[in-house]
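Going down the list, the protein sequences come from chains A and B. For the first sequence, the tail end lands on 467 under the working numbering, and the numbers increase by one without skipping. For the second sequence, the tail end lands on 460 under the working numbering, and the numbers increase by one without skipping.
None of these hints come from the bench; they were simulated from the model. A few of these clues could be false.
[What the hints assert, rightly or not] Listed next, the in silico DSBU-like pairs over lysine-lysine satisfying Cα-Cα at most 35 angstroms (straight line): (1) A:Lys344 with B:Lys444; (2) B:Lys349 with A:Lys231; (3) B:Lys320 with A:Lys392; (4) B:Lys349 with A:Lys330; (5) B:Lys320 with A:Lys81; (6) B:Lys349 with A:Lys90; (7) A:Lys231 with A:Lys98; (8) B:Lys444 with A:Lys330; (9) B:Lys60 with A:Lys98; (10) A:Lys147 with B:Lys444; (11) A:Lys435 with B:Lys320; (12) B:Lys225 with B:Lys349; (13) B:Lys112 with A:Lys146; (14) B:Lys225 with A:Lys392; (15) A:Lys330 with A:Lys81; (16) B:Lys349 with A:Lys437; (17) B:Lys444 with A:Lys81; (18) B:Lys320 with A:Lys437; (19) A:Lys98 with B:Lys444; (20) B:Lys225 with A:Lys90.
[To be verified] A short list of chain B residues far from chain A (calculated; beta carbon distances all over 12 angstroms): (21) Pro11; (22) Pro162; (23) Ala307; (24) His407.
The beta carbon of each residue, even a glycine, is placed where N, CA and C say it ideally should be.
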Amino acid sequence: MPSRLTRHLVWTSPQLATTYSEAAHLELLAVAPAVEALHLDLALPPREKAIYLLHIGAQVEHALMAQYFYAASSLGGPHLKDPNQQRNAKQWRDVIVKIAREEMGHLATVENLLTLVGGPLMFEREDYPIPKDLYPFDFELEPLTKKSLGKYVLAEMPAESVVASLGLTSEIDAIRSYVGGDAQKESLSVHRVGLIYEAIQSLFQGATITQEPPEKPHVFVESQDISSDSKRFQARPEQWGLGYSEMLIETAVDRASAKSAIQAIATQGEGSTIADLPSSHFGRFLEIYRRFPDEGDWRPARQVARNPTTNREAPEDRRITNSESLLWAKLFNIRYRMLLMFLKHSFCIEAPNGTSETTPRGLLISWSFGEMYNLRSISDILMSLPMRDSEKEPLAGPPFEMPYTLSLSTREPGRWRQHRDLISASQHYVNQLRKRKSGRESYLLGMEQANGEALTQISALLGGIPS
Amino acid sequence: MTTLAELRILPPFAIARLGSSAEPMDNYEMNLTTPIGWRQLADATTFVVDPQSCEIHAKKRPFVVKFRDENGKIRPVAPFLEVWARLDRSDELVPLDLNLLLKLGKEPRALKWSVVTGNIKAFRRTGDPADKVIASTGIFSDHQVKPLLGQCKNFFEQKSIPLGSVQYIKPNEEFPEVRLRFTPAAGRVYGPPLESGKPDGNLAGEVYDPTKGHWKGYKDAADPKTDDLLKMRRATNPGNVYAGDDYDDSHRQSWGYLDDECDGIVEVELEVGGSRLSAFARIAAGPPTFAPDSMPMRTVHDEIEQAMLGPNFDSDVTEKEMDEVREIVRRALETVRLMNTGQMNKPSKQRGVGMARMDFLDVNRALEPIVDPAVADSLAIRSRHERLLIALDSGSLAWFARVLREHDQVGDLSTDGRRRMPALMRGADARYLALTRRQVSKIKAAAEFILRTPAGENEK
Numbered sequence: 001m002p003s004r005l006t007r008h009l010v011w012t013s014p015q016l017a018t019t020y021s022e023a024a025h026l027e028l029l030a031v032a033p034a035v036e037a038l039h040l041d042l043a044l045p046p047r048e049k050a051i052y053l054l055h056i057g058a059q060v061e062h063a064l065m066a067q068y069f070y071a072a073s074s075l076g077g078p079h080l081k082d083p084n085q086q087r088n089a090k091q092w093r094d095v096i097v098k099i100a101r102e103e104m105g106h107l108a109t110v111e112n113l114l115t116l117v118g119g120p121l122m123f124e125r126e127d128y129p130i131p132k133d134l135y136p137f138d139f140e141l142e143p144l145t146k147k148s149l150g151k152y153v154l155a156e157m158p159a160e161s162v163v164a165s166l167g168l169t170s171e172i173d174a175i176r177s178y179v180g181g182d183a184q185k186e187s188l189s190v191h192r193v194g195l196i197y198e199a200i201q202s203l204f205q206g207a208t209i210t211q212e213p214p215e216k217p218h219v220f221v222e223s224q225d226i227s228s229d230s231k232r233f234q235a236r237p238e239q240w241g242l243g244y245s246e247m248l249i250e251t252a253v254d255r256a257s258a259k260s261a262i263q264a265i266a267t268q269g270e271g272s273t274i275a276d277l278p279s280s281h282f283g284r285f286l287e288i289y290r291r292f293p294d295e296g297d298w299r300p301a302r303q304v305a306r307n308p309t310t311n312r313e314a315p316e317d318r319r320i321t322n323s324e325s326l327l328w329a330k331l332f333n334i335r336y337r338m339l340l341m342f343l344k345h346s347f348c349i350e351a352p353n354g355t356s357e358t359t360p361r362g363l364l365i366s367w368s369f370g371e372m373y374n375l376r377s378i379s380d381i382l383m384s385l386p387m388r389d390s391e392k393e394p395l396a397g398p399p400f401e402m403p404y405t406l407s408l409s410t411r412e413p414g415r416w417r418q419h420r421d422l423i424s425a426s427q428h429y430v431n432q433l434r435k436r437k438s439g440r441e442s443y444l445l446g447m448e449q450a451n452g453e454a455l456t457q458i459s460a461l462l463g464g465i466p467s
Numbered sequence: 001m002t003t004l005a006e007l008r009i010l011p012p013f014a015i016a017r018l019g020s021s022a023e024p025m026d027n028y029e030m031n032l033t034t035p036i037g038w039r040q041l042a043d044a045t046t047f048v049v050d051p052q053s054c055e056i057h058a059k060k061r062p063f064v065v066k067f068r069d070e071n072g073k074i075r076p077v078a079p080f081l082e083v084w085a086r087l088d089r090s091d092e093l094v095p096l097d098l099n100l101l102l103k104l105g106k107e108p109r110a111l112k113w114s115v116v117t118g119n120i121k122a123f124r125r126t127g128d129p130a131d132k133v134i135a136s137t138g139i140f141s142d143h144q145v146k147p148l149l150g151q152c153k154n155f156f157e158q159k160s161i162p163l164g165s166v167q168y169i170k171p172n173e174e175f176p177e178v179r180l181r182f183t184p185a186a187g188r189v190y191g192p193p194l195e196s197g198k199p200d201g202n203l204a205g206e207v208y209d210p211t212k213g214h215w216k217g218y219k220d221a222a223d224p225k226t227d228d229l230l231k232m233r234r235a236t237n238p239g240n241v242y243a244g245d246d247y248d249d250s251h252r253q254s255w256g257y258l259d260d261e262c263d264g265i266v267e268v269e270l271e272v273g274g275s276r277l278s279a280f281a282r283i284a285a286g287p288p289t290f291a292p293d294s295m296p297m298r299t300v301h302d303e304i305e306q307a308m309l310g311p312n313f314d315s316d317v318t319e320k321e322m323d324e325v326r327e328i329v330r331r332a333l334e335t336v337r338l339m340n341t342g343q344m345n346k347p348s349k350q351r352g353v354g355m356a357r358m359d360f361l362d363v364n365r366a367l368e369p370i371v372d373p374a375v376a377d378s379l380a381i382r383s384r385h386e387r388l389l390i391a392l393d394s395g396s397l398a399w400f401a402r403v404l405r406e407h408d409q410v411g412d413l414s415t416d417g418r419r420r421m422p423a424l425m426r427g428a429d430a431r432y433l434a435l436t437r438r439q440v441s442k443i444k445a446a447a448e449f450i451l452r453t454p455a456g457e458n459e460k
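Use the sequences and the hints to build the structure in full.
Shown next as structure tokens:
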């Protein structure tokens, strides 16, 4: 069942692309020769179409980021005694954390493009597991195994023709078989996210006007809808890049920069030539896959839960019920929401004009980095605690549950009050955990102090903002 | 029969801090009580020297740590130096005290002290030996305060600069150890008389004779086209860091000022069993601390550790090293809390504080802020450091280790190079500050260690 977001996308074979499109009143968006074609079953003007497709892109990048982060965090652990195994687990963890970080850069780039066309931002995504209407498998939070790694290889894979030109067809077929089993091979035809980005790219093409008035107006996003001065609101690598040169955060001010931003994301994901392969996500996952031990051999990851949740209605095997783990998981969810709210809010405040002005944008950026550190700290803690009271394993993990809302208040004071309230909510769980005296005291005390300082800063800011 | 193999003065290097109060500073401790808060200062046991008897007559614990006396004058930090001894056939150092002296058949006055200190800052620039300010006590064994009167050939007759004093504390039954105390000077400025004949309000004394020496009017050689190359070599980097008038774009003309800071050698000698044993220690006097509850990122301790143990940390990381690394990151937080980062990030052609402008003034780099002004705000930078410190055990250290400036990157003025950590700060060689190579090596080793340690098990 397609989700609310993706139900307007229709995938067909490329041979049927044109005829099917016309017969079913669909709009053909993009075609991958010899693979598939992407259609839209909704009439939308170009700008809105771009926003719709960018929203899908944002959700996918967001989901990939959380999924890769979870997988990377599961690697290593006290069960690994052999130094070679420890070294490999660490190396793979580093590589996958980097990829997760790069997905974050992709998400920021997509938000920048939304800002460029004045569209609403998209930090939402569906909860795990995410149904497979865009990928050949469910998105899941799970420990890294050879099978899950195979899924990541397929998710980041470039077009079949590129795979063939790289001489990887038989290897990819073998991965498909391994991941899905022979019986499911047919259902494992990959819908390439790359095609969505190609469709977005085409919407930013410049039209060569051959007649006046143009026969079909609004084929491309109109120039008047592209706001070059929105750059002051966009995420910039010098603010967000943390000194990681490979972390790609592209800003866009016109058609050319918008197109090249999309191209850069696509290339870093899939890679399309031999030269790009080692640095692409596809190439890096493939390299790990080749070296990853087979099932039954040594286990690089801890025994952590699959799709852990705090939801009481969820199936028992997904529910975190150990009381301490549950408190940490709830704290994680609140801090995750805080991160998304800080990120979203930072796009609402323009960067200082010149060097003399200061704005709270820098504070939101610092807080966002702080929450990234916090999420990592709490993930590590959760992955050392049991899911349930009765068994030592599986271990819990960060649930990455989406909050009931990520909407920001319409006015600035309300937004800061939202942050204030979330900080207070997180302090509730900090207090509960501190009462238990189960360790991690200095971390919790540090968070408590940082909460206190943030509340003081918000109070000062609220004093200076007209309500 | 007890025989001595060796004498030592401990500590071998003591740093005093200037102050004009007659009452020396009490001891205090810096305690960490909260994860990201300030260090708490706590009173600690302090020796009090009786000026009449020249003995330590009491230990006291003040209830409040005060850096100024009742008149608002800064209390000097006046360190004690202790004599320790190694007995024959022993590797252990023991305090040389009345009891040990008795066993050796010696009185306290058998110890012969001598102290020489100097302030050779003017000589460092002019190259004229007659500009050296030197104080020497000669040999002494009594317990009276010995003033360190800085003499200089280029001073007026009978003029000197007080560089502090030393006192051989008289051991007694309660405090039998052999100690010498160094009390630094008041922190005053001296110089030549003004040509106008009017008194110079900056000066505590008109001592320098400009008809004898050339410190007044001296200019650092700063222009390779016109200045003498030998003099260029003698110039410091950064240059022109003395009080004076800007002569032209690259030269500053000295007013001939001298301060009362100094450093020097304390020696002690004891003739015992027909042999003469001696030991020495270094002393120095520097300015008072105005942020006593904070520590700089790179300290003298870090320098000495590197000198002793080498630039690479290649042992196993233990909890001790983890604590040391946490301490370094905390010091980074303490440092940025005292910085107006927004201001220091601003590029400008005017002289002033901040590397953004110094990169232009020193090497003519294009005028640009160092980091994006949106994230340079003091509050934002402080918040970031606090959160870095809290999450140190779960990955933020890996990032920190990655963005540290290496010792050979201090002159890297590329955009990325300028943004390395420590950011916005100038080192002693005028370019960007880097941590010691050993500090960097230790932080990197700790970051690796954290990644190897099982999740959630780094909590101290």
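Hints, verified against the model:
no.: 1; hint: A:Lys344 with B:Lys444; result: holds, 33 angstroms
no.: 2; hint: B:Lys349 with A:Lys231; result: holds, 28 angstroms
no.: 3; hint: B:Lys320 with A:Lys392; result: holds, 31 angstroms
no.: 4; hint: B:Lys349 with A:Lys330; result: violated, 52 angstroms
no.: 5; hint: B:Lys320 with A:Lys81; result: holds, 23 angstroms
no.: 6; hint: B:Lys349 with A:Lys90; result: violated, 48 angstroms
no.: 7; hint: A:Lys231 with A:Lys98; result: holds, 26 angstroms
no.: 8; hint: B:Lys444 with A:Lys330; result: holds, 33 angstroms
no.: 9; hint: B:Lys60 with A:Lys98; result: violated, 57 angstroms
no.: 10; hint: A:Lys147 with B:Lys444; result: holds, 34 angstroms
no.: 11; hint: A:Lys435 with B:Lys320; result: holds, 29 angstroms
no.: 12; hint: B:Lys225 with B:Lys349; result: holds, 23 angstroms
no.: 13; hint: B:Lys112 with A:Lys146; result: violated, 78 angstroms
no.: 14; hint: B:Lys225 with A:Lys392; result: violated, 76 angstroms
no.: 15; hint: A:Lys330 with A:Lys81; result: holds, 32 angstroms
no.: 16; hint: B:Lys349 with A:Lys437; result: violated, 56 angstroms
no.: 17; hint: B:Lys444 with A:Lys81; result: holds, 23 angstroms
no.: 18; hint: B:Lys320 with A:Lys437; result: holds, 24 angstroms
no.: 19; hint: A:Lys98 with B:Lys444; result: holds, 18 angstroms
no.: 20; hint: B:Lys225 with A:Lys90; result: violated, 56 angstroms
no.: 21; hint: Pro11; result: holds, 32 angstroms
no.: 22; hint: Pro162; result: holds, 46 angstroms
no.: 23; hint: Ala307; result: holds, 30 angstroms
no.: 24; hint: His407; result: holds, 18 angstroms
When the structure is compared with the earlier hints, violations turn up for hints 4, 6, 9, 13, 14, 16 and 20 and for no others.
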